[in-house]
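J.: Please construct the entire structure, taking both the sequences and the accompanying hints into account.
Chains A and B, in that order, give the protein sequences.
By my numbering, the letter at position 142 of the first sequence is numbered 601, and the numbering carries on one by one without gaps.
By my numbering, the letter at position 19 of the second sequence is numbered 1009, and the numbering carries on one by one without gaps.
Keep in mind the hints are simulated off the structure, nothing from the lab.
Here the structure is a predicted model, which means the values were calculated and not measured.
Heads up, a few of these hints could be off.
Computed cross-link-like contacts, DSSO-like style, restricted to lysine-lysine with a CA-CA straight-line distance of at most 27 Å [said to hold, decoys possible]:
#: 1; chain 1: B; residue 1: Lys1104; chain 2: A; residue 2: Lys594
#: 2; chain 1: B; residue 1: Lys1098; chain 2: B; residue 2: Lys1088
#: 3; chain 1: B; residue 1: Lys1094; chain 2: B; residue 2: Lys1104
#: 4; chain 1: B; residue 1: Lys1104; chain 2: A; residue 2: Lys470
#: 5; chain 1: A; residue 1: Lys591; chain 2: B; residue 2: Lys1104
#: 6; chain 1: B; residue 1: Lys1088; chain 2: B; residue 2: Lys1104
#: 7; chain 1: B; residue 1: Lys1088; chain 2: A; residue 2: Lys591
Quick partial rundown of chain A residues pointing at chain B, CB under 7 Å, derived from the structure [claimed, not checked]:
#: 8; residue: His469
#: 9; residue: Phe477
#: 10; residue: Ala499
#: 11; residue: Glu502
#: 12; residue: Gln503
#: 13; residue: Leu505
#: 14; residue: Gly506
#: 15; residue: Ala507
#: 16; residue: Leu509
#: 17; residue: Leu510
#: 18; residue: Arg545
#: 19; residue: Gln581
#: 20; residue: Trp585
#: 21; residue: Leu600
All residues carry an ideal CB built from backbone N, CA and C; glycine is no exception.
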Amino acid sequence: MGSMLPDTVHKLPREERFAYARLLAYMARIDDELTISEMAMFEQRLGAALLSPDQRDMIRDDLRNPPSLEDCMENLSGEAGRLALRDAVLMAAADGNVDEDERDALEDISEMLGLREDAVEQLLNWTVNGYKWMKEGFDILENLEE
Amino acid sequence: MFPDGLGHRTPQELRRYADILVYIAAADGELVREEIAVIEAMMGRCMIHPEVRVDIRSGFEHPVPLEQSLVDLDPELIRFILRDAAFVAAIDGSYDPKEIRALKAIAKAGGVSKDVLSSLLDWVGAGWNWYQDFSEIL
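T.: Put into structure tokens, the structure is as follows:
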């Protein structure tokens, strides 16, 4: 993601921030193909979660040995779960394409969180709007010279 | 998908980028958790090496002077720094006069006019609105 925005992930209890990051690690490994864009988004969210160095090491280990979705969801509360789903969508879309396996996983997460049926679709639309906004910022930067 | 304009920068350039963001966060003399979180996120996005991040964090206590970080930087990079510095400055809900002064100094170094800086700050505000739309979805 190009730019940063006000966020609430860092306000979650420490255990929930860890669970949030584990879910993103799970998402990152869904298709066994982690693009640079996805990795940059993953690292960005890890930073925003203000995890301890030990927790970061554990999350990076999760990247090598992905946990099951059920394990990831075990400690995710309502708010942490919603934020994790939102950022899982942003991460899945970071390379410009959400493939079938990623989409299925997002739908599974949404269902496990008990969200409405069109939640993932709505989040994908929201992500597209965000992309347009970020592109506008990029375009402003192209025309910044005096 | 998300253009950030920083992907091809050298580790040294990214270090300067992060030092400037830390300077902005510390400019008002009050470092809040939101500012630390956004800088950690930006360092993550640029995939700055973890050991370098430790050094950069020391700037929270003793920021590198802005003028020093801006010396000899590519104007295009300065513009991207300006964009992200505007986010850091706004993250605690308002722009402090010291933050504005620093943003103006960065804009000048990047050859950015006051009008365009103003447009950039408006654009930051538009991003806030987009982000908050999330809460209406879920």
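J.: Going through the numbered hints above, which ones does this structure break? Give me the numbers in ascending order.
T.: Failing hints, ascending: 4, 7, 9, 17.
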